[in-house]
Every structure is written in structure tokens, then in C-alpha cells.
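S.K.: Just so you know, the protein sequences line up as chains A and B, in that order. To convert a position in the first sequence, counted from 1, into the numbering used here, add 12. To convert a position in the second sequence, counted from 1, into the numbering used here, add 537.
No lab work stands behind these hints: they were computed from the structure. Note that CB positions come from ideal geometry on N, CA and C, so glycine has one too. One or more hints might be untrue.
Subject to a maximum C-alpha distance of 27 Å in a straight line, what follows is the list of computed BS3-like cross-link-like pairs (lysine-lysine) [said to hold, decoys possible]:
1) B:Lys1166 with B:Lys1123
2) B:Lys1123 with B:Lys1065
3) B:Lys1196 with B:Lys1175
4) A:Lys127 with B:Lys704
5) A:Lys127 with B:Lys1123
6) B:Lys1065 with B:Lys1131
Simulated restraints on C-beta separations [unchecked claim]:
7) B:Thr1144 with A:Gln36: 46 to 56 Å
8) B:Ala1097 with A:Lys31: 49 to 59 Å
9) B:Ala1130 with A:Ser102: 52 to 62 Å
10) A:Gln36 with B:Asp1072: 51 to 61 Å
11) A:Ser102 with B:Ser987: 51 to 61 Å
12) B:Thr1077 with A:Gln36: 31 to 41 Å
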Amino acid sequence: MIRWLRKKLNINMSNWIEKRLPVQPSVTLDQSKIFIVPTRQGLMLLLISLLVILLAINFESALNYALAFWIVSILWVAVHLTFRNLSGLSLIGISGNLVRVGDTAEVTIKLTSRKPIDRGVVEFIHEEWGSVQAHVSGLETWVRLPLTAYNRGPVSPPRFRLESRFPFGLVVAWSQVHLDVRAWAYPISQQFERVAVGSDVDDDQDLLDDHFFREGSEDFHSLRAYVPGDSIKRMHWPGFARDVLLVKAFSDYQSSDEIIAWDQFPGVSDEQRLAAIAYYSEVFHRRQLPFGVVLPGYEIEPGKGSEHLNKVRRILAEFGYV
Amino acid sequence: MSDLVYIPPYQRVIHQAAFKALLVVQFLTVMPFMPYMPNWLLVVLFLVVIWRWRVLHGELKKPPLIVVLAAMAVGIIGILLSGLNRYSLDTAVALCLLGYLLKSLEVLRRRDAILQIYLGLFLTGVYLLYRFDPVAGLVMVGLLLVNFIALQAVTSDVQFNFRYAAKQSTLLIIGAIPVMIAGYLFFPRLPPLWTIPNEQRGAMTGMSDELNPGSVAELARSNAPAFRVSFSGNLPPRSQWYWRGNTMSAFDGETWRSTVSENNRFSWPRNATLPTPLNTGYQYTVIMESSGRRWLYFLDWPTQAQGDNLQVMPDGRAVSERPLNSVYRYQASSALEVEWSDQERYLQESTLLPRTGNEGLRAWAIDRRSQVNSDSEFIESILSYIREQDFYYTLRPPLYQGAQGMENFWLGARRGFCEHYASAMAIILRSVGIPTRLVGGYLGGNYVASGDYIQVRQMEAHAWLEAWINGSWRRIDPTAAVAPGRVEINIDDFFLDTQPSDLSLMTRVGKLGLINQLTMYWDSLNYKWQVLVLDYDNSTALNWFEAGFGKATALKLAIAFLSLMGIVALMVAYFLGMIQFPARTKEPYRSLAKIERWFGAREPGETINNYLDRLAHQYPEWSGFDSIKTLIERSIYKPGERLDKKALSLLIADLRQQKMY
């Protein structure tokens, strides 16, 4: 019964917190978002003040009355000092890195405050990473949270606890923050048989709604930056929609570059296709061969080098999410 | 920094800086106790420091249980052997200190470190039982500060920064002062919940209930204040500053004792009354220093005494039912002439002498008595005998021991201090049947002009006698006969003039001009501290509260307390920068905002000019837009022109008027 009540209470509590502190790209902590209670250590201090009061009463010692009330009052001032550590602190999710599934990703959070005060050590607590401590002072502090990437795609920090016990540990102030910031995980490479897909194969069915591919032909090679004077017919409209001026460059097809394409892996699931693409890009990268990647909706022109590999991996991580 | 497993704060291992801070703070906390505790605790402190030094340099483990137990056992045996073997405060404090020192041996984690600091805070409170002058107040503040700095060191993980810790601790302690004062003022002073047996704390000083040759001279070396007296009205003349403490009627041949024991208050006679005044006298308030004793002091002769737990004694004085372990205040009046009642049963015991001893002195006395006609004459003749013969007043008399001691003094060496003269003369008077008793008290004192009070030091301890002549007690001071100057000036000044070598070096140095002034200044500070802080009783605060808010009920007090906390909280929050008042918009934009509220906002891109023109057009029945426009326009666009705020506010007020009707 008690367990049921506690569970119910926990659910209610987390719903309430969810409403109060929804997922946001950034959050500024204020009275409505900071919770504050005395710690066990703070309550112990009250006990000490009680003992001092007993000394005062029993020995009729005037200064002990002062000492006892001083200690009680100190606990109360400590509430202010600790509250100040979190009050007005803004957390902004900045970015995350790119890792293989199963590795540890990191997201970067920026803590800013309007006034450069020393806020002491702030702890970021979650079972996922234990405790990350940051000494927050000045106008800006950067914090990295380690996250294990379990699946391909975005790796976001869960709702975590941000707490401050500074300066004396008498009081704990905390907030439950859920930041919208992502690291990305690309698939673990996996070998699948790669079937060559010729230009004569009608791939329209696989790439139904992409006007770029429908319109394009084998002559299409890549996109290049717009130069004044380029024909408007060659404009890359999806790029334009993203405020990037690109022109479709048509040229002769050069078979020396390897293109790893989505439809080269028929009969396997989407995730497996991505794993296969990851596999082949790593193979070509090792062999130092230029390669390109074609995914439904994306195309990476052939290239080589680790930067190129990372670009491919990012696309693989983001595929289906962006 | 990141730990993959979350370690609860209390289980974290403390860092190097915290070890060092704990070590220093422990040392600072134990040191003030040293004057009151057996000295070998210093050795324990030293050993603990060595052990902790090792821990600090890599031996990061707890001492084996056997070591701790052995240390405990040795320590407890040590305490017992040091004479602290009864259940008393000193014993408890010694045990507490031992525990505090040994506990620190095994402090590795935050939880234990916090416990050690909290024990330190408690010990601060214990220290205030031993000492409560302004210095103790400073010690308290200092210990609070260092303990909280240590707490910061312990609860911060690696990021310990002394300046940060010191700043935060200072903020903490200062911010806590207002509420502390309120608590101090309004918390009811409760009677003790239980009594600690043998309440002695530190050493007992002052006159005791027995007097043997040499006991007063002992006190004469102490510079410590005994009590302070402030008079309402006139001060009595200097020669009347006889502060009468207890009377001693029982004599065993060597030692004079009080017939009521100081330590057993159940033996004190009940329902005694003070003598009735025959003329008007002096009214005064006495603040006793803590001495561990119970005797209270009065001018001759007390007729009224008021104070907590005060009991009147039949020999014309009053005592405190409890030992004076803190500052104690009482009020009294004294008159020069009084009428005694109910003294007959005490006269009998005041003529008793031991069967044997001092026979020569007794015979001498009876012989002298036969040469005069009355008791008064006899007393006069004894005093002139002292004056005429080569009696010598000195702080360093020879020892007069044994049953013939006083005879040896009176008829032999004739060098003595006040107690010798008083004792010998009492024997003489008793041998001829005059009821006589010895009085222990103080003679003289320093008048401190800056505080308007008289300070009496232990040094002024004095003994004289009282004899029953013609139906009343009469004060007789043989010292006044041998050293007439002593009555008019204090003992240190007296000996400084005549026999400076009798005084201790400290006393002589203390009489140097500047040092003397400083001591007096310090004394008046002490006196103010006693009146304001130590002797504070919350009836003052309650009266003040009731004057403002009517009868004080628990609810009202609680509301007052909470609102005070609220106000102070807001102030603290403001100073910490947690709340900010919205900045007031500057003129003329504030007035403009009002107009916009009343008549609709400006359109995007509309200038102030256009806007006010439009309003003037739109509301032709309203006046004032034009003047406002001119005012604002000129202040903004004409360099050097300042806005006439008064005119603007008048115009705005006018607009408001028009709007209301």
C-alpha cells in the first residue's frame, strides 16, 4: 500500500516537474524552478543548537543563548547563500559530438550568469553518468555530460538533477533539468553483400518523391556553389530553401569513384543498410579510395580523408531524424 | 570531473586541504580550554597532530580499533588521576575534549569530519561556561568563523579556496546576527532543567566561609575583579567602603569559621530579617563576578536586598542560594544606623573560646580590662595600644601556627596582616566576654568615573570584626589603627607608597599610569558588557514589545519573529543580488507610457511628435497635449535643455483629472 502510494506520488511528482520544467534548449533557473531544503547535515546543526540551548538553560549562561540562536540563524542564512548558487543560472544546450553506437557520447552545456559571481561547485547527477561536478564562476562555464550511446541517432541527456550544496552543505538546492541538446551516434559497421546497381536500373520506385533524383540523370555529378551567371534552371531548389545557393553540376560520369548507395543492399532493413554503408565507407576509407554515399534524400559527393568519413558518419547518424 | 558512480556526499573522502583545515581548527578549538584542563591533554593534542600528519601524507586509513580503545582507556585513567574523578562539569568537559581529540584520529570521510566540526561548535558553547567576558565573546566569534571555514573545506570536494571560504563564512556569520539578536532578546530565560552536581567550574575565588591567618593575604595577590557597585544617588565617603560579606563566629584556636556552611544551604537559618533602618542610607546595585561562591556583599548595614534566589541571613546579610557561576546582580539599601532584632541567640556563640590555647593573651586581656571601666573604653584602649606599640602592617608576616599563634603575634613578633589583627583582637574581646565575631569582606575599591561605579578587586579582601556593644553590632577595624592610610586608599597604592617590595611584580607594573588607565578602561567595558549582555533578562525586551504591540502573546511574538526574519531575508536577498527592483523608467518616457496607457499606444514608426499631434486632433476637448509635446520635444532635441519634470508632472496630473471626470 505504502509502496503503491509512493509510486503514485513519484509519478505525480514527475508529471508536475515535467510540466514545470519541460524540455527546452535552454533554461534559466529562478524561484519557480529551484527546490531547496536543509540537508541531514543541516538538521544535525539544529540538533547542536538545541544542545547549546540546553547548556544555556542549565548553566544560565547568557552567551550560550546568543551562540544557540546564532547557529539557528546561520542555517537560515545558508539557505540564501545556497539558493544564490543556482538562482539566475542559465543552462544552454550547445552541442554534442559524434560517436559510434556503444561508445560514450558527450553533450556540451553552457552555464551563464548575468553577474560574475562564484557559485561554488554545482553537481550534475544522473544514474547514467553518476556525478559531474563543475565549479561555476564568472560569466560562463562549460560542462560536458558523458552519455552512453545505445542506439543509432540522437543521444540526448535525460532529465537530470542539478544540485548545489555549497558553500557549507547545510542546505541543498536542486532543479530537475531536461535540456534539448543532442549528440549523435552512427551505426556499428556490419558487412552485407553489396549489389551493384547500374544506371540502367530503374530506381524511381525507391526514390519516389525526391524531385532531385527524378529530374536528374546519370550526368548529374554534384552540387557546387552558385556563381553569378548560372542558369536558374540549374538551381538546386532544396538547397535554396535552406538558404544555400547551390547549382546542380552536370558532368560526365566517372566510374573511378565508388558510390555506396542505399539501394545497393536490397532485402535488409533500413538500420542494416545504414550499418552496411558504414561498413563500406570504413573499408574505402582504409583503402584510401574516394567514395560517395547516396541515401534517400541525401547524397554525399565522393571524397576521402577522415573529415569526409565523419561527414558520412554524421549523415548516417542523422538519417531519419533530421 | 566525473565519477561514474554517484557517491553520496557524506561518504566522500575529504581532500588534503580539508585535512589541514581540520587540524588547524581542532588546535584552535582545544587551546582556549587549556587553562582549565589538565596539561597532559596538550600531549594528546600533540600525538593526534602527529597521527593526522601521517594521514595527510599518505597513510589514508583509520587507526586500528585496538589503538583507539587503548587511547580511550589511557585518557580516561589520566582524567581520573588528574583529580577529576567526580561527576562534575570539569570531568565532563575533560572527557568531551578527549573524545574530540580521539575522534579526529579516524576522520577520513565527510560525515566524520562534519561531526568533528559540530563537536567543535558545541565545545565553543562549553567554553562560554568557563568564561563570559568580552574576550570570551571574541573567542566565540573566532571559533564560529574557523569552524565554518573548516566546514566549507570539508564539504567542498577538491575546489577549496581559502578566500572563498573565509568570505562565505563571514557573510554567513554577519548575516545571521539580526535574527540571533532577536532570539537572544525574546527567548524566555528558563530555570535550569536539572542541576549538575558540584557545579564548580574553574577555580573558586573570593572570601570563603573560613578565615585562617594567611588566607586574606593570599587573595591580596589577585588583580581579578570581585564585584562592581553602582549607586543611585550619592556615593558614601571613601572611609565607609567596607563591603561586608560573611561573619565568622566559630573559633577553634586557629581558624575562624562561619556558623552556617556555604556549601550546605539546607543548614541556613530560615525566616531571618535584615535590621530596620533608623536613618536614610544608600541605594546601590551590585554585579558580582562569577566566583563559584555564594556570599553577597553589602555596605554596613544592609536593610534591604533584592535579587534572584536570594536568602537573608540573621547576621544582617544575604546570600545567593546557588553558587555564583555567572554574573549575578542584586539591589540593596544600607543605612548607617540600624536596629537589630532577634540577635540574642547569636550572642551566646559569639563569646566562646576554645578551652585551651592563647592563655597568655587571655590573661593579658583580662588584665587590661580591669584597668578601664566599660567595654567601649576597653576597645578604645586596645586600639590605642596598637597605635602606640610597634605593630607592623605587612603582606608578608611570619607564620603564626598552632594553638598559641595569636599570642605569639600579639605579644611577640607583632608583624601581621589584617586577619592577624582582627583575629587577635577578637580573642582579646571574647576573653573578657564581649560578643565578637570576625567579618570577611572587602575594603575600598576603585571609582571608575567613565562607568560611574566602584570596582572592587579580590586584592581588596579584608577582615575586621564586629562587637556587640550597647545593644547593637559595632564595626571595629584594628587595621585602621595600625595602618590608618589603608582605610582611605587601596591596598596596592598603600603598599606602593610604603613597602612596594610586598607587592607582586605584576601589581607594580599594573599601577603604571598608562597601563592603569587601560585596565580601568577595560574594566568599564567589562561592566557595560555585564549590564547589557550577561545580566540581560528578557523582561526588558518584553516591556519594550508590550509598549509597542500590546500584551505579548505567543502568537504575536511568533508573528513578530517571522516578520523580522522575512524583512531580514529580503534584505539579505537584495544584498546578495537575488532580487532586483524593476528599474524605474526615466522621464519623459514614464509620462509618455502613462499617456499611452490612457489613450492607446503609439503606432509603429510614429514619433512622439506625431503621436501627440494625433491625440490632440483626436481628442479636441482635452487640453495639454500640445504643451507636453513642446516640453518633451525641447528636452530631447535641444542640446543643453533639461526636462522640466515639475511642469511635466503637473501636466500629466491635469490630464489624469480630465480623465477622471
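S.K.: Indicate, hint by hint, whether the structure satisfies it.
M.R.: Hints versus structure:
| no. | hint | result |
| --- | --- | --- |
| 1 | B:Lys1166 with B:Lys1123 | 17 Å, holds |
| 2 | B:Lys1123 with B:Lys1065 | 51 Å, violated |
| 3 | B:Lys1196 with B:Lys1175 | 31 Å, violated |
| 4 | A:Lys127 with B:Lys704 | 17 Å, holds |
| 5 | A:Lys127 with B:Lys1123 | 24 Å, holds |
| 6 | B:Lys1065 with B:Lys1131 | 57 Å, violated |
| 7 | B:Thr1144 with A:Gln36: 46 to 56 Å | 39 Å, violated |
| 8 | B:Ala1097 with A:Lys31: 49 to 59 Å | 38 Å, violated |
| 9 | B:Ala1130 with A:Ser102: 52 to 62 Å | 29 Å, violated |
| 10 | A:Gln36 with B:Asp1072: 51 to 61 Å | 60 Å, holds |
| 11 | A:Ser102 with B:Ser987: 51 to 61 Å | 58 Å, holds |
| 12 | B:Thr1077 with A:Gln36: 31 to 41 Å | 56 Å, violated |
Of the numbered hints stated above, those contradicted by the structure are hints 2, 3, 6, 7, 8, 9, 12, listed in ascending order.
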